[in-house]
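With the sequences and hints as input, model every part of the structure.
Whatever position you read off the sequence shown (first residue = 1), add 217 for the working numbering.
Derived from the structure by calculation, the hints contain no laboratory data.
No incorrect hints appear here.
Straight-line distance between alpha carbons at most 25 Å, and here's what the computed DMTMM-like set of lysine to aspartate or glutamate pairs gives:
hint: 1; residue 1: Lys407; residue 2: Asp367
hint: 2; residue 1: Lys303; residue 2: Asp348
hint: 3; residue 1: Lys485; residue 2: Asp436
hint: 4; residue 1: Lys303; residue 2: Glu222
hint: 5; residue 1: Lys303; residue 2: Asp375
hint: 6; residue 1: Lys418; residue 2: Glu462
hint: 7; residue 1: Lys303; residue 2: Asp276
hint: 8; residue 1: Lys353; residue 2: Glu374
hint: 9; residue 1: Lys353; residue 2: Glu255
hint: 10; residue 1: Lys303; residue 2: Glu360
hint: 11; residue 1: Lys418; residue 2: Glu278
hint: 12; residue 1: Lys353; residue 2: Asp265
hint: 13; residue 1: Lys353; residue 2: Asp377
hint: 14; residue 1: Lys303; residue 2: Glu278
hint: 15; residue 1: Lys353; residue 2: Asp249
hint: 16; residue 1: Lys303; residue 2: Asp377
hint: 17; residue 1: Lys303; residue 2: Asp288
hint: 18; residue 1: Lys303; residue 2: Asp333
hint: 19; residue 1: Lys492; residue 2: Glu397
No experiment lies behind these values; they were computed from the predicted model shown.
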Amino acid sequence: MFWGEREPLRMIRAVKSLGLRCGHLGFTGAVDLAGLGEVYRKALADEDFVITAVFAAYDGESYADIPTVLDTVGFIPAATREAREKRTYEVVDMTAAIGVPIFACHIGFVPEDHSDPVYAPVRDMVRRICDYCASKGIIFALETGQEPADTLLHFLEDVDRPNLKLNFDPANLVLYGTSEPIAALKLLGKHVVSVHCKDGKWPDRSKPGTLGTEMPLGDGAVDIGWFVSTLRQVGYTGALTIEREVALDQDMDDRHQAKLAHVDDIRKAIALLEKLRG
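In structure tokens:
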């Protein structure tokens, strides 16, 4: 997965240089999307690179720890909900403009209690987004991880839209400490249209509110071999998209060093997935 810019060729070529042929494209709230559809469509065609899903991230989001995620991420914070719904439609329009079939994002922690005052407004917003996506022939895929798998399944059933699906990220379930990823995949498998291949360690239970630690693929608690095998079992035949994140709050020197290290991690992840997929 990589993050989009106003000028796409540099990033597309950098991703291709790793030996990748397809990927997920994300847009932060800082990117002005006006007029970018044709620019990206041409660049992707010229470079023979395929985008399988487009992601939205929103201004003001922070993944510092679980309380901060609750307060800032996705559609849960009421103060930013209206602006984020508007931005979501802009990214969906971009998704359609470049001919990608899946739009995805984190919607935040879905409350387990349907009587929670946050629940109904978020559910109804997701319904509106699903309907807007459907008008353009697009699937809306929720990112997994910030709630237990059974809570997410009940939410899908309550929203009740045929184009509401999942981008399954097994590491998020570990990082948030919400569900064992293989069991969750078996429960949610029929709804999965896209995946992130990412790994991590469980949170330190002695420190409530902290997140687990992201790790290079194969070095964490996901058991990536079992994950790929289970994807086959549930009938998933799509792309195995690697996600390896660089913290954006680092200074430039640290971020550059992290990027270099992560490039090596990505190369190793490609080799691992090629071996596992056969």
